[in-house]
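Asker: The number in our numbering is simply the position in the sequence shown, starting from 1, with 1360 added.
Rather than coming from a laboratory, the hints here were simulated on the basis of the structure. Remember, it's a predicted structure, so these values are computed and weren't measured experimentally. Be aware that one or more of the hints could be misleading.
Unchecked claim - Under the rule of at most 25 Å between Cα atoms (straight-line distance), these lysine-lysine pairs were calculated in the BS3-like manner:
(1) Lys1404 - Lys1422
(2) Lys1441 - Lys1401
(3) Lys1422 - Lys1505
(4) Lys1505 - Lys1441
(5) Lys1401 - Lys1461
(6) Lys1560 - Lys1537
(7) Lys1505 - Lys1609
(8) Lys1609 - Lys1590
(9) Lys1461 - Lys1537
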Amino acid sequence: MTVAVVGATGLVGSKMLQVLEERAFPVTELLPVASERSWGKKVKFQGKEWTVMSADEAIARKPVLAIFSAGGAASGELAPKFAAIGCYVVDNSSFWRMDPKVPLVVPEINADVLTPADHIIANPNCSTIQMVLPLAPLHKAYGIKRIVVSTYQSVTGAGQRGIEQLEAERAGGSGTKFPHPIDLNILPHIDSFLPDGYTKEEMKMVNETRKILRDSTIAVSATTVRVPVKGGHSESVNIEFHRPFDLDKARQLMAEMPGVVVQDDPSQNLYPMPITAWEKDDVFVGRIRRDPSVENGLNLWCVSDNIRKGAATNAVQIAQVLLKNGWLG
């Protein structure tokens, strides 16, 4: 099977190659695509070296699948070109997510929305994926009325330049990815600010949650924050349900959800942390407790490696669904 990875030399693109190999995805020919400055470079995959090429060259070779992590502008321009040749595109940017004609998919939750005609498929935002995964079974059981979420997001979410700035500052230098120092600091600022004072990242969580859970009535209030961590994203999530819930049953529902691991024993200091979630594909949930300040309220803490489940792994899982459905030939 001929597979293109667009943005193959970037942080997420490199992880996509790793996950494709880990999951033994049946790639017979890899088409690594990147910007012009990377053409001719080599990437390693399946024990071989593959030459980075332009998008036009990749399209000419007619891949059956293209996984994108190249930013919204590139996705907006190139995804339709790949789709036009019958290629299935799984796009990691925000460009297509809220298009009503494009499925926004977390496979464990809503793979059933996919059809053979969906040649562009959106991968959700990393912070949205890890929140909706444990919440999906709770929404089905009790009906979510409102979510208040505060995130603690790794510098890896800002790409290689985010990591470089943190490492440079720790070595006594500086960087230019963030508007302020990130080491020994916290920035309540991810993506650009909108006129109402929220950021685009915060509104992604609002709108994508409703689309994935298929309920436009869910009220969501998000505050997204960058922290000097490299292992993954963490979230404090407060949920208000329409119906009463049993705490032990809620914990059980999350534990039974594919892709969710409950780590919740405070007496043993057991709770999710980015340092232990790094390089794992699951979403880890803990600090599960009733919120006595509101009727039918629940608090939880969830952590996930944002480069894996929040990006590369979820994209490859979508591709695996397409393969299982027999749509990739």
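Asker: Please go over all the hints and tell whether each is borne out by the structure.
Answerer: So, going through the hints one by one against the coordinates:
| no. | hint | result |
| --- | --- | --- |
| 1 | Lys1404 - Lys1422 | holds, 21 Å |
| 2 | Lys1441 - Lys1401 | holds, 24 Å |
| 3 | Lys1422 - Lys1505 | violated, 46 Å |
| 4 | Lys1505 - Lys1441 | violated, 40 Å |
| 5 | Lys1401 - Lys1461 | violated, 36 Å |
| 6 | Lys1560 - Lys1537 | holds, 17 Å |
| 7 | Lys1505 - Lys1609 | holds, 18 Å |
| 8 | Lys1609 - Lys1590 | violated, 33 Å |
| 9 | Lys1461 - Lys1537 | violated, 34 Å |
Hint check: violations occur at hints 3, 4, 5, 8, 9; the rest are consistent with the structure.
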